[in-house]
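Peer 1: Read off the chains here:
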Amino acid sequence: MGASEIITIVTSVLTGIARVTKVTRESLAKSLEEMAADVRKGGLIPDELLAKVEADGERIDNIRDRLPE
Amino acid sequence: MRRIILAVSLVTMTGCAGSYKASYVTGAVTKQFATESYEAYSEILNKKIEECDPENNLEIKTKSDFDDCLGPGFKDEDHDKIEDLVKGYHAAAKVHTDVMIVVDASDEERKEATQNLVNSAINFLEVLPNGDKLAGKLRSLIK
Numbered sequence: 001m002g003a004s005e006i007i008t009i010v011t012s013v014l015t016g017i018a019r020v021t022k023v024t025r026e027s028l029a030k031s032l033e034e035m036a037a038d039v040r041k042g043g044l045i046p047d048e049l050l051a052k053v054e055a056d057g058e059r060i061d062n063i064r065d066r067l068p069e
Numbered sequence: 001m002r003r004i005i006l007a008v009s010l011v012t013m014t015g016c017a018g019s020y021k022a023s024y025v026t027g028a029v030t031k032q033f034a035t036e037s038y039e040a041y042s043e044i045l046n047k048k049i050e051e052c053d054p055e056n057n058l059e060i061k062t063k064s065d066f067d068d069c070l071g072p073g074f075k076d077e078d079h080d081k082i083e084d085l086v087k088g089y090h091a092a093a094k095v096h097t098d099v100m101i102v103v104d105a106s107d108e109e110r111k112e113a114t115q116n117l118v119n120s121a122i123n124f125l126e127v128l129p130n131g132d133k134l135a136g137k138l139r140s141l142i143k
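Residue numbers (our numbering), protein chains in the order written: chain A, 1 to 69; chain B, 1 to 143.
One chain only, chain B, in its complex shape (with noise of 0.2 Å):
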C-alpha cells in the first residue's frame, strides 16, 4: 500500500513539475519573442521619426504630413494601436507571473494564464509590419 502511495505521489510530483516547466518556459519564451520583435520595429520606427522630424525634414509641416511619412504600420494610430496591445498583454503576463508564484494553483490555472499570455502576444504581434510572420514564429516556437 505505501508503495503504492509513494508511486502515486511520485507521479503527481512529477506531472505538476512538468506542468510548472511547461507553463515557465512558454512564458519566457513567449516574453523575449515578443520584446525582440518590438526591438526590431522600434529600431526601424526611430529611424523613421528622425527622418520625417520637422526639423530634419522640411516638406513636412502639417499632421498628416508627419504620419504619411511615417507610414502603414509606423504613423501614430497604429502605434496606438500597439501601444494597447502591448498593455493588455503587459496585464496578462502580470497574472501568467501572480499564477506561477502562488503555490497552490492549479495545473488548469497555469495553462490558462500562459495560453492568455500567448494569445495577448501573439494579437500585438499581428499588428506589427509582417506581423503574420511573427505571429507564426512564435506559434511554432512554443508548439
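Just chain A, same shape as in the assembly (with noise of 0.2 Å):
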C-alpha cells in the first residue's frame, strides 16, 4: 500500500467520523416523530451502498470477463 492509498484511508477516516459525530449529534435531536418518519421514509436502509458495492463488483467482472484465464 503506498503513501497515497494511506494518505486517502486517514482523511476518509477522519472525514468519517466527522460525518458520523454530526449524524450522532442530529439523531439525538430529533423528537420521536421526526425519527419515526425518518424509519418509515426508509432512511435506515442502506440502498446506495449496496447499490454502490454491486456497481463495484460488475465493473471488476467486467474486464475479468474479457480476459482468459
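Simulated from the structure, these hints should not be mistaken for laboratory data.
Bear in mind that the values here come from a model prediction, so they are computed numbers and not experimental data.
There could be a bad hint or two in this list.
What follows is a list of derived Cβ distance ranges for each label pair [stated by the list, open to error]:
hint, chain 1, residue 1, chain 2, residue 2, range
1, B, Asp104, A, Asp65, 48 to 58 Å
2, B, Glu51, A, Thr15, 32 to 42 Å
3, A, Arg25, B, Pro72, 12 to 22 Å
4, B, Lys21, A, Arg64, 16 to 26 Å
5, A, Ile6, B, Pro54, 26 to 36 Å
6, A, Ala51, B, Asp65, 40 to 50 Å
7, A, Asp65, B, Glu112, 33 to 43 Å
C-beta atoms are modelled at their ideal positions from N, C-alpha and C, and glycine is treated no differently.
Taking the hints as your guide, dock the two standalone chains into a single complex.
Peer 2: Structural data, given as C-alpha cells:
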C-alpha cells in the first residue's frame, strides 16, 4: 500500500468520523415523531451502499470477463 | 392511586422512548459509518481498477494478472466476499427498519434487531483492508 493510499484512508476515516459525529448529534436532537418519520421513509435501509458495492463488483467482472484464464 | 398510575405510565413511556431513541441512533450511526467506510474503500478500488484495466496497462493479459494487480482485499474473490456480507447487512437493516416502524414491537425485539444490524455491519467492516480498526472504531462509536 502506497503513501497516497494511506493518506486517502486516513483522510476518509477522519472525514467519516466527523460526519458520524454530526449524524449522532442530529439523531439525538430529533423528536420521536421525526425519528419515526425518517424510519418510515426508509432512512435506515442502506440501499445506496448496496447499489455502490454491486456496481463496483460489476466493474471488476466486466474487465475480468474480457480476459482469458 | 391515580398518581401512582400516572407516575408508572410516565416512567414506562420515558423508558420506551429512550429505548427507541437508542435503537434509532445506533442504527443511524452504524449506517453512516458503514457507508463512509465503503466509500473510502471504493475510491481506492476504482483507482486500482483504472490502473489495472488492460486498456491502460499492457502488462495485464490474464484474469490472474488482473487479480494480482488489484491485490489482496480488492481482487474479485475478496470483493465478492464483501458484496455477500453487505447483502447480509442490508437484510439486517431491513429487519431493523421494520421493527422500528411497528408500533407494538417490544424493546427486546428492537434491541435484538439493532444488535443484528451492528453485528452484520462489523462482519462486513472486518473484511475491508484495515478492517479490524474500522470495526473497533464502530464499536467505540456506538458504545
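Peer 1: Check each numbered hint from earlier against the structure, then list the numbers of those it violates in ascending order.
Peer 2: 2, 3, 4 and 6
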